[in-house]
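Construct all of the structure, not just a fragment, from the sequences and the given hints.
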Amino acid sequence: MNSSVIIFPGSNCDRDMDVALKKFGFKNKMVWHDDDKLPKSDLIVLPGGFSYGDYLRCGSIAGKSKIIQSVIDYAKSGGLVLGICNGFQILTETGLLKGVLQQNKNIEFICKNVFVKINNSENKFFENIDRDILELHIAHNEGNYFCSEDELKSLEDNNQIAAYYCSSDGKVDDRSNPNGAIKNIAGIFNEKKNILGMMPHPERMIDQSLSGEDGSIFFENLLKNLK
Amino acid sequence: MKVKVVVTLKSGVLDPQGKAIQQTLNGMGFSNVKDVRQGKYFDIDIDESDEQKSKQSAEEICKKLLANQVIEDFKII
Chain A
501 MNSSVIIFPG SNCDRDMDVA LKKFGFKNKM VWHDDDKLPK SDLIVLPGGF SYGDYLRCGS
561 IAGKSKIIQS VIDYAKSGGL VLGICNGFQI LTETGLLKGV LQQNKNIEFI CKNVFVKINN
621 SENKFFENID RDILELHIAH NEGNYFCSED ELKSLEDNNQ IAAYYCSSDG KVDDRSNPNG
681 AIKNIAGIFN EKKNILGMMP HPERMIDQSL SGEDGSIFFE NLLKNLK
Chain B
41 MKVKVVVTLK SGVLDPQGKA IQQTLNGMGF SNVKDVRQGK YFDIDIDESD EQKSKQSAEE
101 ICKKLLANQV IEDFKII
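Top line first, the protein sequences correspond to chains A and B.
Using my numbering, the first residue of the first sequence is number 501, and each one after it goes up by one.
Using my numbering, the first residue of the second sequence is number 41, and each one after it goes up by one.
There's no promise every hint is true.
Stated by the list, open to error - Below are the DSS-like pairs computed for lysine-lysine, each with C-alpha atoms no more than 25 Å apart in a straight line:
| id | chain 1 | residue 1 | chain 2 | residue 2 |
| --- | --- | --- | --- | --- |
| 1 | A | K576 | A | K566 |
| 2 | A | K683 | B | K115 |
| 3 | B | K74 | A | K564 |
| 4 | A | K529 | A | K566 |
| 5 | A | K537 | B | K104 |
| 6 | A | K564 | B | K115 |
| 7 | A | K566 | B | K103 |
| 8 | A | K653 | A | K671 |
| 9 | A | K605 | B | K80 |
| 10 | A | K537 | B | K44 |
| 11 | A | K692 | A | K564 |
| 12 | B | K115 | A | K576 |
| 13 | A | K564 | B | K42 |
| 14 | A | K617 | A | K605 |
| 15 | B | K50 | A | K653 |
| 16 | A | K724 | A | K523 |
| 17 | A | K564 | B | K104 |
| 18 | A | K540 | A | K683 |
| 19 | A | K605 | B | K74 |
| 20 | B | K59 | A | K564 |
| 21 | A | K605 | B | K50 |
| 22 | A | K605 | B | K59 |
| 23 | B | K59 | A | K566 |
What the hints assert, rightly or not - Derived DEER-like restraints, expressed as beta-carbon distance ranges:
| id | chain 1 | residue 1 | chain 2 | residue 2 | range |
| --- | --- | --- | --- | --- | --- |
| 24 | A | P509 | B | D75 | 34 to 40 Å |
| 25 | B | L54 | A | Q708 | 35 to 41 Å |
| 26 | A | S621 | B | K115 | 43 to 49 Å |
| 27 | A | D536 | B | Q78 | 48 to 54 Å |
| 28 | A | K727 | B | D75 | 54 to 60 Å |
| 29 | A | S621 | B | L54 | 26 to 32 Å |
| 30 | A | K537 | B | K115 | 35 to 41 Å |
| 31 | A | F609 | B | N66 | 21 to 27 Å |
| 32 | A | R631 | B | D85 | 53 to 59 Å |
To be verified - Here chain A is said to cover these stretches of chain B; the calculated rule only asks that three of the stretch's residues, wherever they fall, bring their Cβ under 8 Å from a Cβ of chain A:
| id | region |
| --- | --- |
| 33 | 62 to 73 |
| 34 | 106 to 113 |
Note that these hints are calculated values from the structure, not bench results.
Glycine is no exception: its CB is placed at the ideal position from the N, C-alpha and C atoms.
Below is the structure:
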């Protein structure tokens with residue numbers, strides 16, 4: 501399976517994502533934001549980081565970069581797109597995903613492990629996944645997901661909420677909400693479920709000696725679903 | 041022509057920074073400060089002498105880049 505990771509000025513999880521994808525068997529290519537064509541890919545990843553220094557709004561400048569039109573065309577034709585952290589912010593800024601990631605409610609940069617509950621596994625990302633609660637890492641200042649009430653209703657009605665922040669035993673409540681995100685939302689899909697944006701970083705959880713291996717479950721399963 | 045733009049959060053959208061500023065002001069003794077909303081201000085120099093056309097450009101600029109209309113309003117002043 502071929503994947504591509506887009507690098508923006510200020511991306512800092514691009515290499516981690518490259519390592520993770522290759523570890524689980526993807527043939528990955530790195531793509532510079534100023535290119536205008538994507539290599540043939542089964543998966544496009546917008547990585548985490550601080551593209552363009554988070555100027556104006558997180559992800560807003562990256563959302564207008566040269567490569568983005570190709571990403572939008574690829575996504576609209578049904579191609580699989582994964583946006584992690586800043587990548588999620590970029591996806592909302594392009595309009596491919598609904599809503600916006602606001603500053604964390606407590607105005608603090610949060611860097612810690614959290615648990616997320618997978619809400620919808622009828623898609624290429626989570627289909628057949630062994631576990632529905634994963635321990636993943638978050639590191640962000642703007643992860644407080646917000647959308648209008650109408651948008652929230654349509655996300656719920658179309659089963660577009662990908663994952664909720666939860667406790668280790670899967671309870672979705674205020675105590676397990678790290679950043680104030682509406683309804684504990686950690687990640688969402690587009691209507692067709694071929695675009696996934698989420699704040700937690702699976703690529704940081706692929707080695708027991710570093711932090712944990714729940715990210716491995718995600719990548720192994722994703723590769724299996726794409727084969 | 042110079043155009044000034046102010047981008048603010050829509051009412052009802054949580055503004056944690058504004059809230060922190062308000063609480064600090066209250067702590068400094070400005071007990072009459074009931075609410076603070078933080079926004080952004082832009083000075084834009086547009087190479088155009090017609091006021092109407094400048095404002096049209098500014099409006100498009102706001103919609104396409106400066107404001108995220110999910111949570112923000114803009115005003116051209």
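Any of the earlier hints contradicted here, and which numbers? Violated hints: 2, 3, 10, 12, 18, 20, 23, 27, 33; rest satisfied.
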